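S.K.: Read off the chains here:
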Amino acid sequence: MADATVQSPSLQAQRLVRPVAGAEEWAQRLLILLLGTWLLVTVLVPLSVLFRKAAENAQGQFIGLANFAAYFRDPALVQSIYNTLTVALISTFITILLAFGFAYAITRSAIPFRSFFRSIALVPLLAPSLLPGLALVYLFGNQGILKSWLFGHSVYGPIGIVMGEVFFALPHAVMIIVTALSAADQRLYEAAESLRAKPSRIFWTVTLPGCRYGLVSATFVVFTLVFTDFGVPKVIGGQYNVLATDVYRQVIGQFNFQMGAVVGLLLLAPAILSFAVDRLVQRKQVALLSARAVPYQVTRRPRIDAACLILCVLVSIFVLSILGMAVFGSLIKFWPYNLSLTLSKYNLGALGTVGWGALWNSLIMASLVALVGTIIVFCGAYLVEKTKTWPWARSAVHFGAMIPLAVPGLVLGLAYIFFFNAPGNPLNVIYGTMAILVVNTVGHFYTVCHLTAVTALKQVDNEFEAVSASLKVPFYKTFWRVTVPVCLPAILDIAAYYFINAMTTVSAVIFLYSSDTKLLSIAAINTDDAGNTAIACAMGTIIVMVSATARVVQLIASRKLHARTQAWRNR
Amino acid sequence: MANGSGAQPYLRIRNVDKFFGGFQALKDVSLDVYPGEFVCFLGPSGCGKTTLLRAIAGLDFQDSGMIEQGGKDISALPPAKRDFGIVFQSYALFPNLTTAENIAYGLVNVGKDKAAIAARVAELVALVSLKGQERKYPAQLSGGQQQRVALARALAMSPGLLLLDEPLSALDARVRLHLRAELKQLQRRIGVTTIMVTHDQEEALAVADRIVVMNHGVIEQVGTPQEIYRAPATAFVADFVGHMNFLPGRIGEEGQVRVGAIALQADLAGTKAASGDQVMVCLRPEDVQVRGLQPRQSNVLQAEITELEFLGSFCRAELRLDVADNLELAADFSINAMRDLNLAIGMSISVALPPDRLRVFDAGTQAHG
Ligand SMILES: Nc1ncnc2c1ncn2[C@@H]1O[C@H](COP(=O)(O)OP(=O)(O)OP(=O)(O)O)[C@@H](O)[C@H]1O
Ligand SMILES: [Mg+2]
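As they're listed, the protein sequences go chains A and B.
Counting from 1, position 429 in the first sequence corresponds to residue 429 in our numbering; the numbering is continuous, with no gaps.
To convert a position in the second sequence, counted from 1, into our numbering, add 1000.
Simulated from the structure, these hints should not be mistaken for laboratory data.
No experiment lies behind these values; they were computed from the predicted model shown.
Any given hint might turn out to be false.
[As the list claims (entries may be wrong)] In the DSSO-like style, the derived pairs of lysine-lysine whose C-alpha atoms are separated by at most 27 Å in a straight line are:
no.	chain 1	residue 1	chain 2	residue 2
1	A	472	B	1272
2	B	1027	A	388
3	B	1112	B	1131
4	A	472	B	1184
5	A	472	B	1027
6	A	560	B	1136
7	A	388	B	1136
8	B	1114	B	1131
9	B	1136	B	1112
10	A	477	B	1081
11	B	1184	B	1136
12	B	1081	B	1131
13	A	458	B	1136
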């Protein structure tokens, strides 16, 4: 057999193959480097500067942990830690309890209007976090309509904060737990029933363990959100200081940047912890549902269904009445003396240039964030997920993209002051401009968008790149002609997410705006500070309306897109 | 069919190694493929077929070794610099492009004018018999049609080498049979050098000019389907391709193998085993002779039929050999033989194991025995 395998001469030297990188591969490498640099400059370097600042004195000399020592000597500041922990723990407990019940009701019970209830629970995502604070002032404040419900306790303080935070954190918890509960395997329930397990026993041995990772995840997410939230305690906290308001006061009120950095690092602590736990938990969750799992079948259970319905209605009333109160507050002529309705609070022009200008700024900022952020995130996720070059660089970039999730807005904003405002930094030209707000917001919400993009890209056939290389079509053409159209729904989703978060965000940008770039959410806080709660409500309501419009536009666009591409999308 | 003698190989693979971490997926693989050949990589799952194919395409580089195509060393070239068309198991059709757009995908890029592209697409559509499907999207096509689109797209740029990674495995059995015949015809017609990966031995036997049998990252045998089937070079190949009886034995004197109490005549040229060594004696079920036995024929044994399975054109019989208990032998008897000899379960019969059909391998080298 002359044509058979040629025997290898074992003496022949091993010829190691060193693949030649073509122009395309170099282009990919360059883009990966650019993306890495972007993440470094917009997230990691500012954070590291923050760490350094916490160990310096006002003159910029290294003083080790002296700032921390000073912090812990100040009883008023240390009190804030206890306060923050208290409200965070209570809010988390209540939120998770409600969210679990709610999620259980809309995934496992036979009640009507489940998807309607679900949308209600997501409404708070459209509002800036100061909005529940404002509403609570009208409901339970000194002149609140339901003041008597508090039996003489003041809403300004932990009670108000907890109520506001529950509103603010609820949708995040509901989303996570619904996902966890949806991943149930009917076969487990059938097995349990065939063993004649009692319903309560099934709940404790099948239902709860099945979503325990989701519960842990939701708990940490909610705790971190509440622990670091600024909007609610700012508006309704009164004399009750928490870490987030401390940072703000140290920096904006007292220009004590070093102490601000110290408090900022304390804010980072639970976020880092929960980040680590969440990563661990998510890794396990993936393997939980096998491909052959049978979806859970909802059955009628009159008593449980009734309880579920009551819970859903109550939670919906809670959410809608807070939102409704804020809207109502903005329409009242002079609370509580003249309850006639007026639209005058919406005439932002009465506030001078900041009024309509702030709305305009917010719209510009949110549009730019949606545009720039979506492009960077999607191209970045493509490079990480679909290219083959430099595996180490791609995993480094992927890891870098996870970090913003752990960084509270206030901390990122503070880090930006330190980094971009440093005199020697050539990038300080963007300080005080719209650009820094955009850059900051893109970085702040990067992780969720990145994960959305990666998930969408994972569903695209991995061999498109190989096929196009074999057809001598450069990767960027296939990216544009195939990958982008196929992922368009996810891209729209990312853009809407960025837009809405840019409209509602307060915490990071509050350190970074200038008089020319004041955003509507910040204007609302300032207006409320100045004692004009009604106008602040009007501003909050405008933000909700703009956010809701963005979401509706996205949903309509997705639906249109789906109809137009039905031919190739549906099997 | 250019097979060896004279012609220069179109593809030369020399000493290719590939590691995934500490795991070696390809071990010193060398192979020649000649112009116009249809070669199949055949082997069990995980044996490295896809890895080798992807190395040839440059999609995953080998760690060492050389690959030469058309006289040019392509070992280190990125896929875009190589000359091949590829069809994946998933087909990887662009879902948002129509059949025609998918096929024209590479043509558009090289800047051909519209008329030329349209003509080429029409030609390819006719070639893979997809007339009338040009404006449909992949999701609107059947699995077999999708497979043809992928094939047409891979052929559009007239590549020197066509690579197919299990192109038929996503289809149901009937369509698969039909398409593999078509694939073979098409390849003959256009004469493109083709490598197809499959783990279906029947498919490989049916379409390949030559088969490369792989196992655990090494090439076990390269040969025509007849060679592979008739003269498996190793026990693994014998076991993997077609049905095979394995009888444990021991080398006796002068060309004899002892199986249990009996001595069988066999051709021992193929083994290095010496007298007394443990061996496996192999025989295909259809080579068990039951009719026309001569009086002084060698290797004639008595056996009892313990099982009969009707398989259409023949019957598969399980035989228990008298010479040693628990020695079982599968034999295929034609329907004619069944009728003529009135074979039935429980009957005792004489069968011959023709010496020229017995193959002897060292013991313990089977694939799944
Ligand atoms: N990216 C990878 N990382 C680690 N191991 C891999 C990788 N790709 C393949 N392998 C391993 O290399 C071996 C050969 O894989 P290959 O895909 O070539 O098998 P195959 O012969 O094509 O099998 P199949 O018939 O299942 O497709 C397998 O053991 C596989 O687990
Ligand atoms: Mg394979």
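S.K.: Now tell me if each hint is right for this structure.
M.R.: Structure-based check of each hint:
no.	hint	in the structure
1	A:472 to B:1272	50 Å, violated
2	B:1027 to A:388	24 Å, holds
3	B:1112 to B:1131	22 Å, holds
4	A:472 to B:1184	26 Å, holds
5	A:472 to B:1027	30 Å, violated
6	A:560 to B:1136	20 Å, holds
7	A:388 to B:1136	32 Å, violated
8	B:1114 to B:1131	19 Å, holds
9	B:1136 to B:1112	23 Å, holds
10	A:477 to B:1081	17 Å, holds
11	B:1184 to B:1136	26 Å, holds
12	B:1081 to B:1131	32 Å, violated
13	A:458 to B:1136	25 Å, holds
In terms of the numbered hints stated before, the structure departs from hints 1, 5, 7, 12, listed from lowest to highest.
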